[in-house]
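Protein chains: 2
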Amino acid sequence: MTDIDDTHDPSLVSWVESAAPGSDFPVQNLPLGIFSEAKGRRRPGVAIGDYILDLNGISDFLDEGWRGDFAQPVLNGWLARGHDSQRALRKRLVELLTDQRYRNDIEPQLIGQSEVRMHVPCLVGDYTDFYVGIHHATNVGKQFRPDNPLLPNYKYVPIGYHGRASSVRVSGEDVIRPNGQRKPPEAEAPEYGPSRRLDYELELGLWVGRGNRLGEPIPIGEAEQHIAGWCLLNDWSARDIQAWEYQPLGPFLAKNFLTSVSPWIVTSDALAPFRTPMPQRAAADPEPLPYLRSEGDTAFEIQLEVTLATDKMRQEGSAPHVLSRGTASAAMYWSAAQIVTHHASNGCNLQPGDLIGTGTLSTDSDSGLGSLLEISRGGKQPIELPSGESRTFLEDGDEVTLRAWCEAQDAVRIGFGECSGRVVGTA
Amino acid sequence: MTDIDDTHDPSLVSWVESAAPGSDFPVQNLPLGIFSEAKGRRRPGVAIGDYILDLNGISDFLDEGWRGDFAQPVLNGWLARGHDSQRALRKRLVELLTDQRYRNDIEPQLIGQSEVRMHVPCLVGDYTDFYVGIHHATNVGKQFRPDNPLLPNYKYVPIGYHGRASSVRVSGEDVIRPNGQRKPPEAEAPEYGPSRRLDYELELGLWVGRGNRLGEPIPIGEAEQHIAGWCLLNDWSARDIQAWEYQPLGPFLAKNFLTSVSPWIVTSDALAPFRTPMPQRAAADPEPLPYLRSEGDTAFEIQLEVTLATDKMRQEGSAPHVLSRGTASAAMYWSAAQIVTHHASNGCNLQPGDLIGTGTLSTDSDSGLGSLLEISRGGKQPIELPSGESRTFLEDGDEVTLRAWCEAQDAVRIGFGECSGRVVGTA
Numbered sequence: 001m002t003d004i005d006d007t008h009d010p011s012l013v014s015w016v017e018s019a020a021p022g023s024d025f026p027v028q029n030l031p032l033g034i035f036s037e038a039k040g041r042r043r044p045g046v047a048i049g050d051y052i053l054d055l056n057g058i059s060d061f062l063d064e065g066w067r068g069d070f071a072q073p074v075l076n077g078w079l080a081r082g083h084d085s086q087r088a089l090r091k092r093l094v095e096l097l098t099d100q101r102y103r104n105d106i107e108p109q110l111i112g113q114s115e116v117r118m119h120v121p122c123l124v125g126d127y128t129d130f131y132v133g134i135h136h137a138t139n140v141g142k143q144f145r146p147d148n149p150l151l152p153n154y155k156y157v158p159i160g161y162h163g164r165a166s167s168v169r170v171s172g173e174d175v176i177r178p179n180g181q182r183k184p185p186e187a188e189a190p191e192y193g194p195s196r197r198l199d200y201e202l203e204l205g206l207w208v209g210r211g212n213r214l215g216e217p218i219p220i221g222e223a224e225q226h227i228a229g230w231c232l233l234n235d236w237s238a239r240d241i242q243a244w245e246y247q248p249l250g251p252f253l254a255k256n257f258l259t260s261v262s263p264w265i266v267t268s269d270a271l272a273p274f275r276t277p278m279p280q281r282a283a284a285d286p287e288p289l290p291y292l293r294s295e296g297d298t299a300f301e302i303q304l305e306v307t308l309a310t311d312k313m314r315q316e317g318s319a320p321h322v323l324s325r326g327t328a329s330a331a332m333y334w335s336a337a338q339i340v341t342h343h344a345s346n347g348c349n350l351q352p353g354d355l356i357g358t359g360t361l362s363t364d365s366d367s368g369l370g371s372l373l374e375i376s377r378g379g380k381q382p383i384e385l386p387s388g389e390s391r392t393f394l395e396d397g398d399e400v401t402l403r404a405w406c407e408a409q410d411a412v413r414i415g416f417g418e419c420s421g422r423v424v425g426t427a
Numbered sequence: 001m002t003d004i005d006d007t008h009d010p011s012l013v014s015w016v017e018s019a020a021p022g023s024d025f026p027v028q029n030l031p032l033g034i035f036s037e038a039k040g041r042r043r044p045g046v047a048i049g050d051y052i053l054d055l056n057g058i059s060d061f062l063d064e065g066w067r068g069d070f071a072q073p074v075l076n077g078w079l080a081r082g083h084d085s086q087r088a089l090r091k092r093l094v095e096l097l098t099d100q101r102y103r104n105d106i107e108p109q110l111i112g113q114s115e116v117r118m119h120v121p122c123l124v125g126d127y128t129d130f131y132v133g134i135h136h137a138t139n140v141g142k143q144f145r146p147d148n149p150l151l152p153n154y155k156y157v158p159i160g161y162h163g164r165a166s167s168v169r170v171s172g173e174d175v176i177r178p179n180g181q182r183k184p185p186e187a188e189a190p191e192y193g194p195s196r197r198l199d200y201e202l203e204l205g206l207w208v209g210r211g212n213r214l215g216e217p218i219p220i221g222e223a224e225q226h227i228a229g230w231c232l233l234n235d236w237s238a239r240d241i242q243a244w245e246y247q248p249l250g251p252f253l254a255k256n257f258l259t260s261v262s263p264w265i266v267t268s269d270a271l272a273p274f275r276t277p278m279p280q281r282a283a284a285d286p287e288p289l290p291y292l293r294s295e296g297d298t299a300f301e302i303q304l305e306v307t308l309a310t311d312k313m314r315q316e317g318s319a320p321h322v323l324s325r326g327t328a329s330a331a332m333y334w335s336a337a338q339i340v341t342h343h344a345s346n347g348c349n350l351q352p353g354d355l356i357g358t359g360t361l362s363t364d365s366d367s368g369l370g371s372l373l374e375i376s377r378g379g380k381q382p383i384e385l386p387s388g389e390s391r392t393f394l395e396d397g398d399e400v401t402l403r404a405w406c407e408a409q410d411a412v413r414i415g416f417g418e419c420s421g422r423v424v425g426t427a
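Chains as they are written, first to last, in the UniProt record's numbering: chain A, 1 to 427; chain B, 1 to 427.
Hints in this document: simulated from the structure, not taken from any laboratory. There could be a bad hint or two in this list.
Copies of the same chain look alike in the list, so a pair counts if it works inside one copy or between any two.
[Said to hold, decoys possible] Below, computed lysine-lysine pairings styled on DSS-like, alpha-carbon distance capped at 27 Å:
hint	residue 1	residue 2
1	K155	K183
2	K142	K183
3	K91	K39
4	K91	K312
5	K380	K183
6	K312	K155
7	K312	K380
8	K183	K312
9	K142	K380
10	K312	K142
Could you put the whole structure together from the sequences, leaning on the hints where they help?
Okay, here's the thing in structure tokens:
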């Protein structure tokens, strides 16, 4: 799974000039997504520089067997094929996009990214959200149990729960402030009205590739073969609704009004140069149970950033404010492989195009916190913005943008693109 | 919504003799499902007596506009049409199945139910499970908090959480005993292995008909228009996995290995004669918040029964043992309409073919408990079976069958059919 091959060579340069090293989408990346032009149908494309390459349009240059999948408005069928096909496509696209001999044929199938609309790349059968960000779990736990923030199961069980598939939307979708029941501690009874503690959560998402059959767990050694790729994920959260509703069955209406994802499926192949070992566990931490034990570089050095732009900041033309910066590998107590194996360990069947969130990824530093709940200490410490405004939670007009990328000395930068959403008032 | 019309007339009798009053499927019922014959394709049919009427086969006798939906292998498209179409179909089917003049044309399209295989009737986009069975919530709460079993939110919030759509299966599917992490209180660390506390949960399911758009709540007065019909639902549960994993985000692997549903969508129209007011609330109970307030007969007098058959009982040819009997209307603190309105109250979009479980429906009597967790008092009081065996939780070979029906003096019995599953050892 970890092989670096010719397609990772940092000296490869595409004839698409905007795909130069340093862009989000050099020829070493090649993430797939679903796009449409005005009045056009949804279809698969691959990001290269500032462009999308229409995979239908170049089907004469690709394996004939793939045509059916690339004619679909979602990528589920393609992802079901698994890694060998992904890798063969990657290899072929590198040829087509670097060799000048193909330029005349391929270039007409490039469309500017600014001219298209992107869509959720798969029909999401199930969306599951995990909670593997240990610093986030600790920060949130401290607000309830200062001396004992992590529950006893945390270092044995990759904690997860099911989310809502129908409200997964692509980056750019407005965030309609949800109504709900909220009950301040001092109030006698709850009220129903717009959430006053609307928050974002910085997460990574995994797109499931090959599935497993009901009743057949996925051994840890095979888990990565079931992961087609990665995206950014914003698990928008209404903290007041959450606090009142979540006992005893977990978050529900506090979360299911919207989940935003970035449009591109960044493959594990593209991320191969950024593999790294899982963080060293503390001496007191238990060994994972045998079904979750794995070796090798199963974490990824992915850089994360969250910015906020208010209405006022946009009007004044000032740059968005950086709320946090951090690294995914330092935040995740459990790897993507462990997440997948645990999810299927009871026989639960994963399907191509399922979406799995990691949970909020905060680092152990104040500059790397993945939610306003953490940054504002549960709303007690307002954040002062350069615009002179302050925030505890999100106000109408606020736009949150998540970004991710990988960088290393001997590899070309790989970008995830963006996942953004602007808060609008209750409908 | 509550109209009784000619199609409910108890004197209506079908020319299909096995549909005589007293059967599960008289002409006043007419639930839809998806079936297939050996090597045949999946298609919609309607239950009448011991038969299925092939809706494709009689399309010349139905509205031309429906043909596209009845040619599908799932009922999502049909359910999206809403109640007017459902009612028009019901009216037409009553004509076709009672008037002898149609018999020669219609009879060849009847297929014995014993000759077909039934399927999950919809592609389930999302499956949500609620917790509106107040006696169940009280019984379970007592095992943790004897003096204060219900949490403070219970009588304000119809508590629910998202379940797994991919593992929803039709009645008859084997229950593969799940593996998982379980940690007895006295053990220092958890172990991974087959669940030792495998349980069933007696629930009703709602099939969503017309959906709502993201961001647009469903007013309580319109909620029933979004419910296409009802089924039985068994929310199989591994109590040992649940106890260890569920904090803080709710049940996950303890539930998502399988959810069984009965194959027939029993329409709200068929249930109209069995409407009844919601149970009287106690004087100390709060009024529902305004968005959840409704009047009229919003509960349904549905009879429920659970039976257990062990391997030994089957070998000896003895009848299944009745584990519980009760009435849904007495068990539900929140109505189906309140469930739907609450689910969409934050703007969450429901879609045609979504499945919503009520939660376990126990009555306030020991003879009407909806799970072994309750009957065996958390495993402390074994149940003695007539076969000489005893049970706290399910053993391999045990088959659990849920049944439901409505009966009243001035109405014909309406049956739901069965929802059954047999436990088999871990794969």
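Checked hints:
Taking the closest pair of Cα atoms, K155 and K183 come within 27 Å of each other only across two copies (13 Å); inside a single copy the shortest separation is 32 Å, beyond that limit. For the identical chains of this complex, K142 and K183 are neighbours both inside a copy (21 Å) and across copies (24 Å), given an alpha-carbon limit of 27 Å. For the homomeric pair K91 and K39, neither the shortest alpha-carbon distance inside one copy (32 Å) nor that between copies (41 Å) is at most 27 Å. In the homo-oligomer, the alpha carbons of K91 and K312 never lie at most 27 Å apart, since the shortest distance is 46 Å inside one protomer and 60 Å across protomers.
In the homo-oligomer, the alpha carbons of K380 and K183 lie at most 27 Å apart inside one protomer (17 Å), although the nearest pairing across protomers, at 37 Å, exceeds that limit. In the homo-oligomer, the alpha carbons of K312 and K155 never lie at most 27 Å apart, since the shortest distance is 43 Å inside one protomer and 42 Å across protomers. When the C-alpha separation of K312 and K380 is checked against a cutoff of 27 Å, the pair qualifies only within one copy, where the shortest distance is 23 Å, while the shortest distance between copies is 63 Å. Taking the closest pair of Cα atoms, K183 and K312 never come within 27 Å of each other, the shortest separation being 31 Å inside a single copy and 53 Å across copies.
Taking the shortest Cα distances, K142 and K380 sit within 27 Å of each other inside one copy (14 Å), while across copies they are farther apart (36 Å). Taking the shortest alpha-carbon separations for K312 and K142, neither the intra-copy value of 34 Å nor the inter-copy value of 52 Å comes in at or below 27 Å.
Hint compliance for this structure: hints 3, 4, 6, 8 and 10 are broken, all remaining hints hold.
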